[in-house]
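Please build the complete structure, drawing on both the sequences and the hints.
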Amino acid sequence: MNHKLQEDQPIFLQIADVIEKSIVDGNIKAHEQIPSTNVFSKQYQINPATAAKGINLLVDQQILYKKRGVGMFVTEKAFHVILEKRKNRFYDSLMVPLLIEAKRLNLSKDQLKQWIEEGLDDSY
Amino acid sequence: MTVIKADQLTKSYKGEQALDALTVQFEGDKIIGLLGKNGAGKTTLMRLLAGHFKQTSGNITINDQEPFNNYFLTRDICFIQENNNFFEKFKVNEVIQLASQFYPNWDEEEANQLLKTFQLNRKQKINALSKGMLSALGIIVGIASHAPITIFDEPYIGLDASYRSVFYDKLLESYQSNKRMIILSTHLIDEVSRLFEEVAILHEGKLHLHEISEQLKDNHWLLRGKKETIDQETNHLNVIHSSEFLGKKTVVVYDTINEQHETIEYDKLSLQQLFVYLTKEEVAQDGQ
Chain F
228 MNHKLQEDQP IFLQIADVIE KSIVDGNIKA HEQIPSTNVF SKQYQINPAT
278 AAKGINLLVD QQILYKKRGV GMFVTEKAFH VILEKRKNRF YDSLMVPLLI
328 EAKRLNLSKD QLKQWIEEGL DDSY
Chain D
3 MTVIKADQLT KSYKGEQALD ALTVQFEGDK IIGLLGKNGA GKTTLMRLLA
53 GHFKQTSGNI TINDQEPFNN YFLTRDICFI QENNNFFEKF KVNEVIQLAS
103 QFYPNWDEEE ANQLLKTFQL NRKQKINALS KGMLSALGII VGIASHAPIT
153 IFDEPYIGLD ASYRSVFYDK LLESYQSNKR MIILSTHLID EVSRLFEEVA
203 ILHEGKLHLH EISEQLKDNH WLLRGKKETI DQETNHLNVI HSSEFLGKKT
253 VVVYDTINEQ HETIEYDKLS LQQLFVYLTK EEVAQDGQ
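Residue numbers (our numbering), protein chains in the order written: chain F, 228 to 351; chain D, 3 to 290.
Please keep in mind that the hints were generated in silico from the structure rather than gathered at the bench.
All values derive from a computational prediction rather than experimental measurement.
Among the hints, a few may not be true.
Which stretches of chain D does chain F cover? Using the computed rule of at least three CB atoms under 8 Å from a CB of chain F, they are [said to hold, decoys possible]:
1. 48-62
2. 167-175
3. 197-203
4. 212-223
Every residue gets a Cβ at the ideal spot worked out from N, C-alpha and C, and that includes glycine.
Here it is, written out as structure tokens:
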């Protein structure tokens with residue numbers, strides 16, 4: 228789980244994101260334990276309360292669950308919850324900037340369509 | 003739980019006001035960043051907390067007690083200053099022994115480990131230590147004191163980046179195993195901002211801002227776009243900085259924004275950048 232934190236984003240969201248990425252990439256699977264708040268705090272030199280906030284956010288979203296006295300674990304449906312969440316975010320965070328830039332460059336509809344089709348056919 | 007209250011706290015030195023009716027409250031076992039430009043009053047506030055001298059007017063209390071001339075309270079406060087922390091003729095060993103007798107929660111094992119980590123020898127004389135090693139000794143005493151209130155005022159003069167990183171690691175480690183209030187004053191904001199749970203900014207002897215660190219990120223925005231659009235979107239907001247370049251206007255607002263305009267770029271600043279915008283003189287004048 229190596230990933231450099233950005234200064235201009237809330238740290239707790241970045242911690243949540245690091246965990247989500249490792250779940251989506253298959254590095255941690257359902258019912259496996261994630262590192263503790265203290266380990267996150269040490270790894271990234273951040274306040275443990277901030278790490279806890281990021282982890283609790285994922286508990287609220289049913290991506291993680293708590294085993295009392297043991298630690299935090301990945302839920303059965305974590306993978307799907309994250310995928311759905313990312314699909315919803317896709318339009319706002321990627322499509323909107325893409326469209327704004329396309330308008331700025333005066334790109335035609337056909338050109339855009341063609342690129343998207345080509346891109347989907349190539350196996351990215 | 004520790005509660006520090008400053009109420010209308012004023013301290014003047016020969017007519018110069020270092021603190022000007024400062025009112026602020028810190029509570030809980032948190033790591034708190036105390037920021038401010040040179041001369042903002044940070045050191046004065048920390049010295050008043052440590053009971054070094056008495057205020058000119060107003061009140062300062064720690065758990066409802068006044069720190070000045072209060073032996074029982076000062077044992078619970080470990081204040082590490084930028085320099086002159088230790089008597090020059092002592093040896094490292096004597097400093098450690100004295101501290102271990104003064105602070106009731108002293109952790110000798112942790113002190114030994116830290117001496118090793120920072121490669122300090124107990125037999126060395128204080129006046130023979132380099133600046134960096136003197137800072138390291140201050141850090142060791144501060145951490146091993148386990149004082150319920152530990153205050154570091156720019157504790158790492160002369161310490162290189164690698165040892166500073168060790169300091170952050172050790173401070174976090176110690177804090178996690180033994181939660182207490184830690185107040186850290188620094189100019190190296192980008193390096194340590196992630197350690198802070200709360201941030202207080204002093205400006206000209208007054209409290210400029212006191213906020214939960216993560217909240218600060220929510221409370222400000224950097225906006226970039228066409229001048230007219232920016233002006234229209236920000237005229238009712240608290241603008242703390244604005245500039246124009248290449249036909250685009252950039253403003254920093256300290257405010258919340260619920261709806262984003264589609265032709266404006268929205269961004270966040272680091273704590274250090276935000277601090278600069280909040281405390282620059284032009285800003286103070288704009289606000290008047």
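Evaluation of the provided hints:
1. Counting residues of the region 48-62 of chain D whose beta-carbon sits less than 8 Å from any beta-carbon of chain F gives 0, not enough to reach three: the coverage restraint is violated.
2. Check on the region 167-175 of chain D: 5 of its residues sit with their Cβ under 8 Å from a Cβ of chain F, so the three-residue criterion for coverage holds.
3. Proximity of the region 197-203 of chain D to chain F, defined as three or more residues with a beta carbon under 8 Å from a beta carbon of that chain, is established by the 3 residues found.
4. Coverage of the region 212-223 of chain D by chain F holds [criterion: at least 3 residues with CB-CB distance below 8 Å; count 4].
Taken one by one, the earlier hints fail for this structure only at number 1.
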